[in-house]
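**Student:** Line by line, the protein sequences are chains A and B. Following our numbering, the numbering of the first sequence begins with 1 at its first residue and continues without gaps. Following our numbering, the numbering of the second sequence begins with 1 at its first residue and continues without gaps.
Treat the hints as calculated values from the structure; they're not laboratory data. Since this is a predicted model, take the numbers as computed values, not measurements. Treat each hint with caution, since some may be false.
To be verified - Part of the chain A face toward chain B, derived, beta carbon under 7 Å:
1) HIS273
2) ASN276
3) ASN277
4) LEU279
5) ALA280
6) THR281
7) SER283
8) GLY284
9) TYR285
10) GLU287
11) VAL310
12) ARG314
13) LEU321
14) GLN326
Even glycine gets a Cβ: it sits at the ideal position worked out from N, Cα and C.
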Amino acid sequence: MRFISKEKDIADQIINNSRSMISVINRDYIYEKVNSTFCNAHMVVNDSIVGKSLGEVWGKDTFENVIKQNIDKCFSGKIVRYEAFFNTPSLGSRYFEVVFRPVSFEGGKVTRLLAETFDIDDLKRSERTIIEKEEEFRKFETNLPVGFLRCDVNGKILHVNKPFLKIIGCKDEKLVLERNIRDFYSEDCIFEIQYIRLLENNTIAFGRVYLKNLEGTEIPCRISGFLALDGSGNPSYIDFAIEDSTRELMLENRLLQAQKLETIGALAGGIAHDFNNILATISGYAELLQDDLPQQTELSEKVSKIQGAVLKARSITNQILTFSRQVEQEKVPVNVSAVLKETIGFVKSALPSNIIIKSRIIKNGVSVYADPTQLFRVFLNLMTNAMQAMEDNGGSLSVTQAVVEGKCVKHDLNKGIVADEYVLLTFKDTGKGMDQSLKSRIFEPFFTTREVGKGTGLGLSVTHGIVAEMEGEILVSSKKGKGSVFYVYLPVSKEYADTSVDQSYKKRILLIKGNKYESSVLSMALENSGYELISVSDHGQLGRIMSDDKGRPDLLIYMSDSRQIEPKHLFEVVRQQKEKIPCILITEPNLDLLEEKLLTSGIIKQHLIKPVSLKEIRNAIQESLK
Amino acid sequence: MAGILIVEDEKELREMLKLSFVKRKYSVLEAENGKDAIVHFRPSVTDLVVTDLIMPEEDGLKVIMKLKELKPSIKIIAISGGGKVGPASYLNLAKALGADATFSKPFSINELIQRVEELLKS
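Chain B with its partners taken away, still in its complex shape (with noise of 0.2 Å):
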């Protein structure tokens, strides 16, 4: 079965999402921070990443555009609470380095898994 790799500081939310993805049988694997999410990442077993963009020690931006260049098949869906880096939203900013799609919290989580299959079997 596919992994998906969680990127989330906000420790409920990570375990809702696992919570989410293990009772549909995916493998998940955890990080707490983008710095956590880039050095503990094994290509191998990852398919899919969730990440959460402003967090602390490296944010989600970097994570996109690290993980990219490690694994350019990888899928990357953003999810983000808002806010804004000049003109544009980190939302905006993440589907621009390579996010393959975006969630504004709070979001519907059958929207997501439904999009999380979706990028998984194309």
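Chain A extracted, bound-state conformation (with noise of 0.2 Å):
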């Protein structure tokens, strides 16, 4: 008997011990049995809990609402665990695990049961805390602008935010989760020699890493890795810091293009000076050879051909000088529909029947600050430049004229704005397209897809500088086998393109018009310098106009491809007056016999080369009419 008491002793000794709560329920829903630490949680003595029944100790509706389900389920045999949140007098409100567990049983049915009731506050607390931390790191990661990547020491995708599904194209986490990290990489051995790194030491900014997306394409990227480790000090994950680096080194990359062209610019330029001085020696020396030389004999023709091609060189080094800002424009307020119809419409007239050309100018009338003949030859050589493009295969190209604010052009540009407004004029082709070390490329002077001979691979890098010098932008956007777009952006000018000059100083030039899109820019151009223009259809009546006293020119511009009047007619014509008006005369670069001849004859007080800028034509008319 003392021996069952001793352990009985122990027993309860061990049961009032706990820190659990821990009592014996019968099926009346009484308490038979209460332990210290229950009496203790509800700051009363042992007695006075054993034989009250459930209802009375807890309050009659949290027996019938919580309690007596759980322990009706015990009651039919089995465990049961609930989580309740509940006040006792002397520990407050708090978080228990409550168990129920059947123990006496007669004829299979339960009798008794166990009840055991832990206090799980602390540990429910800081569980709360870490959800609650959980869904702050969740927002913060989902937030944050840079893609997040975890995956174990195999490269497994383990977790992934939404910003590096963004970032690889993906809208569905799924199909990132079931793969490895090498995938989206475009190497395997990139993810090995990251995980050696790492081993090494634990953080480390990789720096540009090109990614993959879904479809294969490769994302420039800055990557971070940081490498966790276990209890033990084995590698247990990785996280990466994944940042979308594409607009940085788009704008990196222009950054590098502007300097190697102001550089290449630089030296061009100066080795053009260099050679003007040379091809003055030459010319000179050839003019005064022709001087001494009987005219149309071998030796003069071959003289002749010295200075064609003295010319010829010159034409480049313009180009070249163009190119690289030596040249100073004269700008004036220009429409630009207008400039831009008149491109399109001479590009038309030679237009191949396998290319169409859609045009469509979303503001008319808007001025920028230019040269007119200067951004004709920017228009004229990008859809020139994107018909060529079409050549084999024909196509279409779209010009649009829109108008964008300088706050946008700013982002786009990455540079200072000059303008509140800018035009931003499109010209997409879809013909052969460039990869990307080809549209690097394509601004340099003399950098040329076109066979040796056909063209001079200045075109590009003329429009380059033209529009530098107009401080617009030219960008170029192109895929391979799918087309190009050149993008002008070039600032509008406060003042309109305004052609009221004082009537009384206007003077009258009597332009004998050549190659019609040519004329048609020069003319405006004329005009918006504030001359009077007048034209004539036939030689007939440029007799007539030249002798009537009151409506004669003060001048006239000869362009000598002219249809209308050849040169022989003009020189019969001015050679009658009495009173001589000046003559320019404007010719390509190598002359025939004839435009020769005319400029030989005295009649022609200055000459200019094709291209001509406004500037040239503005000097030369200034000097022929003092």
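Two chains, each in its own frame: build the complex with the hints.
**Tutor:** And the structure:
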């Protein structure tokens, strides 16, 4: 008996010293036994609980709504566990875990159960804190503009955030989670190398690494890695922070391009300047030689060839100087759409049947500060370029003119702006397109994809120089096999293209037009400069107008490729004049015999070679009218 | 006969110019840079100056300013192979500083001579 009593004492001691509240409940929901912890929590002595019903101790509502159903489940033979938040007099309101176990059986029925109640409040609160922290982290991770990826040491992806999905252009997280990080690197060994480096140093900024998106397109990214270790110091997982650096790279490249072009420009400009000096000597001696030789001999023909070559060389040095922005542009407010329409009209006149041109002018009547002839060259070069890209398979060229706000331009160009608004012209072709390496070189002088002898490779360089001189910008995007788009940004001028000049000072110029397009641009440029232009359609009319005292022009400009009036007719008419009218001759670099005759006839005051800038023509006019 | 000063650092070009002027019986003086031209300038025998603009030592713009100051009646023709100072070309600056005529290299020597004759007549 003593033995039993001793064992019972030990059992009681264990039960009473347990940190859990322990009780025995019978089928009538009456407490048969409770331990000290239970009594302490309720601040009562043992006797006052034993024999009481659960309803009395916990209140009728709590018993009926929460406790009874769980106890009944236990009486049906199951162990029942649940979490509850309740108040005890000594502990206050806390989280508890309640466990009911069936303990006595009679005739296959549960007659008593053991109730244990553990205080899990601390655990519960830290769990809640963890959930809150996790939620906070998730928000942070999603809102952060940086991609985040966690993978195990084998590269298996465990977690990614939304920005990462955005970088690789994937909407569904699941598509990524079943993959390995190696699938997103352009080469397998990249992950291996990163892992080895992380083993040496837990946190590393890897710099620029190319990621492949699901379509296989490479995206430049800035990546940092962090290797997490487990409790025993073994590698556990790797976190990667990934930033899309496409824009950064683009701006970097653009800056490099600009610097490169500036360097080439300075170099080429210097060479062109030196060449002009040498050409001056060559052309001077050739001219002196020509003067000494009898005309129309074999020798004089040969000297003419030298002079022709000098003119060609001069046209090249002139283009280089334009590219390197060493040529001063005579700028006036110019109506962009007018020049654009002229250029399109010209290009259409010689358009191959497999190419169509579509144009859309979103805002008319916008002025930019430019030399109209140079602006014409810009448009013509870009359109010619587009047509060459489409000459094999045909296609369409879409030209659009719109006006954009300066601040948008600032974002696109990432450089200081000089106007509140910019004209944005786009020239979009469906031609051959270019790869990246070709694209990065197209504005370099003498860079050409055409065969030797076809084009000098100066067109786009000159275009670049002219646009830069106008404080504008020219950008290009292209896809090999799909086509290219050139974007030209030009600052909008607050001054409007205006021709209101004091009429009494208006000089009358007779322009004998040649090549249709060039004449149109030239006449527009001259009208913008305040001259009154007249034209004639045949040599009879020319004769009449020249002998009319009132209608006679102050100056004559003759474009040598005129179809209406031949050089000999001009010569005849001008020679008959008592009062000589100054005459400006505009020709191609290589002169033909008739043009040379005209030039040496003494009636030509100034000789200009195409392409003629507004500045040149204005200077020539001023000189001639002196 | 009128005296012409040629200021040009490119020897061959200078000689070509000299040859053409001597052929037309002008008396010719030469300088191979701007400093030379200013230091050795002789107003009494120089009626017209043909000057390059970009040269070592003093440049052509300085020559124009200085010689116009020393002899206001002097005629000056500026010649240049291109180039700009800020937004303006050297030739336009030369004009603004008092050059009576400007020519871009390469130019027609006969046109230049014609201009020289006109300027010396006026």
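**Student:** What are the numbers of the hints that this structure violates, sorted from low to high?
**Tutor:** none
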